[in-house]
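Asks: This is what each chain is made of:
Number of protein chains: 2
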Amino acid sequence: MKTLKVIKIGGNIINNQDVLADFLNQFSKIESHKILVHGGGNLATTLAKEMNIEVKVVNGRRVTDRATLDIITMVYAGKINKTIIAQLQSQYCNAIGFTGADGNTIISKKRPVKDIDFGFVGDIESVNTEVLNLLLENQITPVFSAITHNAKGQLLNTNADTMASEIAIGFSKTYNVELYYCFEKNGVLKDIKEDNSVIEDINANTYKTLFETGIISEGMLPKLDNCFHAIKNEVKKVCIGKPEMLFNSNSKFTTIQA
Amino acid sequence: MKTLKVIKIGGNIINNQDVLADFLNQFSKIESHKILVHGGGNLATTLAKEMNIEVKVVNGRRVTDRATLDIITMVYAGKINKTIIAQLQSQYCNAIGFTGADGNTIISKKRPVKDIDFGFVGDIESVNTEVLNLLLENQITPVFSAITHNAKGQLLNTNADTMASEIAIGFSKTYNVELYYCFEKNGVLKDIKEDNSVIEDINANTYKTLFETGIISEGMLPKLDNCFHAIKNEVKKVCIGKPEMLFNSNSKFTTIQA
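In order, the protein sequences belong to chains V and D. Position one of the first sequence corresponds to residue 4 (the working numbering), numbered consecutively onward. Position one of the second sequence corresponds to residue 4 (the working numbering), numbered consecutively onward.
Source of the hints: derived by calculation from the structure; they are not laboratory data. Please note: incorrect hints may appear among the correct ones.
Any copy will do: because identical chains look the same in the list, a pair fits if it lies in one copy or spans two.
Straight-line distance between alpha carbons at most 27 angstroms, and here's what the computed BS3-like set of lysine-lysine pairs gives [what the hints assert, rightly or not]: (1) Lys255 <-> Lys117; (2) Lys155 <-> Lys32; (3) Lys255 <-> Lys226; (4) Lys255 <-> Lys245; (5) Lys112 <-> Lys32; (6) Lys52 <-> Lys239; (7) Lys211 <-> Lys113; (8) Lys240 <-> Lys255; (9) Lys239 <-> Lys5.
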């Protein structure tokens with residue numbers, strides 16, 4: 004089977020023009036098939052402030068009301084996605100920007116209202132790989148912003164980490180899929196203040212111990228849940244670390260084991 | 004040869020949610036291959052005001068500075084394009100949103116500075132039909148917002164009418180291409196105040212006469228130039244009118260003749 008790298012980048016890369024340009028330059032040189040998934044960085048918050056739109060918070064959780072969804076759509080699918088596409092093209096990496104609505108690639112369901120109404124937030128139901136496969140086979144790289152749709156006309160704000168893992172799983176039967184979560188640290192750390200204290204391998208057992216002893220913080224849990232979800236569903240390799248893990252064989256990072 | 008309809012819609016359709024929904028509902032039922040090109044409507048102006056960004060005008064001509072380009076990218080490629088894509092999907096029309104940067108489909112050149120520096124405005128140099136063809140052959144409808152790129156990393160604001168005619172010409176060797184400019188009138192009118200005074204056919208000779216006698220106003224000239232450019236370059240059919248011309252065989256509209 005051919006290798007497909009699904010790579011998620013977060014705010015720390017998107018927020019800095021030079022860092023993003025450097026990342027895209029290296030990303031474009033990856034020879035295997037690849038899919039990029041990006042979040043929004045702090046640009047959405049900045050724009051909301053400029054437009055005097057308040058960030059809605061209920062019980063300490065962010066809520067995506069209609070105005071916020073509009074901003075996310077403009078910033079993620081507009082400004083950030085198209086800036087990335089134009090830069091990749093300048094590096095001879097032929098890319099097309101996607102939301103889950105484009106090509107009907109990712110269908111989600113508006114999160115049901117229990118204690119909190121999260122608004123226009125989508126939980127992924129299915130990934131359709133057909134169109135993406137067609138593009139990959141023609142040397143075109145899909146670049147996803149963190150938006151999906153419900154197939155009934157509604158766009159939905161969707162967690163970028165979850166999108167990356169669901170896309171990876173969607174291709175796991177036809178590709179040798181590797182999933183990379185790029186963020187600001189060298190991986191999962193034993194000591195949060197010490198960037199060299201990388202835990203190089205985590206499996207379901209050590210994960211449990213690390214969590215119970217408080218070494219893994221609350222903030223890392225959703226990301227690690229996505230990692231284990233992927234590795235349990237036939238994704239071959241799941242890694243967390245700085246983008247260097249993709250390009251520099253000497254760099255340290257965390258690998259998730261089944 | 005198969006038929007390809009290239010359809011451009013303007014602000015009068017985009018600005019009204021119900022009108023847009025109705026149009027997309029009918030558009031999705033068009034059985035031939037089709038490409039949609041849309042401008043931005045007045046949402047970009049509204050957003051610019053909300054963000055206190057002034058519309059820059061030099062010698063009476065709009066200028067696209069960096070802030071304006073950002074707004075256009077957010078509104079055209081983000082909000083409007085993705086709203087259209089989600090609605091088309093809900094009508095079982097599988098569509099993918101494009102700028103000229105996506106798939107490297109439309110390359111343009113920043114307009115050279117003569118009397119006026121128009122800023123980040125692109126004049127189209129080439130249309131690459133390969134990726135679009137691949138999608139059309141797989142029953143996927145490309146939807147373009149009026150943005151292109153220079154292949155060196157720069158997005159450029161581009162006239163939507165011109166994009167539509169250049170896309171139409173790009174496919175004219177492989178498809179029987181029909182180009183439709185949908186706007187708020189029934190076509191080119193003899194009397195601007197009388198919507199039934201449609202001139203049903205215009206050719207290069209009658210165009211000259213109509214212009215010299217002042218029947219065709221300045222505002223229609225760029226649109227008609229795009230029409231004649233297309234018809235001279237093997238586009239089989241070029242029409243101007245209300246969207247009804249596409250769906251209702253009784254409606255009147257203007258057809259451009261070679």
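Asks: Hint by hint, say whether it matches the structure.
Replies: Hint by hint, here is what the structure shows:
no. : hint              : in the structure
1   : Lys255 <-> Lys117 : neither (41 angstroms within a copy, 53 angstroms between copies)
2   : Lys155 <-> Lys32  : between (38 angstroms within a copy, 16 angstroms between copies)
3   : Lys255 <-> Lys226 : within (18 angstroms within a copy, 58 angstroms between copies)
4   : Lys255 <-> Lys245 : within (9 angstroms within a copy, 61 angstroms between copies)
5   : Lys112 <-> Lys32  : between (35 angstroms within a copy, 26 angstroms between copies)
6   : Lys52 <-> Lys239  : neither (42 angstroms within a copy, 50 angstroms between copies)
7   : Lys211 <-> Lys113 : neither (31 angstroms within a copy, 56 angstroms between copies)
8   : Lys240 <-> Lys255 : within (15 angstroms within a copy, 61 angstroms between copies)
9   : Lys239 <-> Lys5   : within (12 angstroms within a copy, 43 angstroms between copies)
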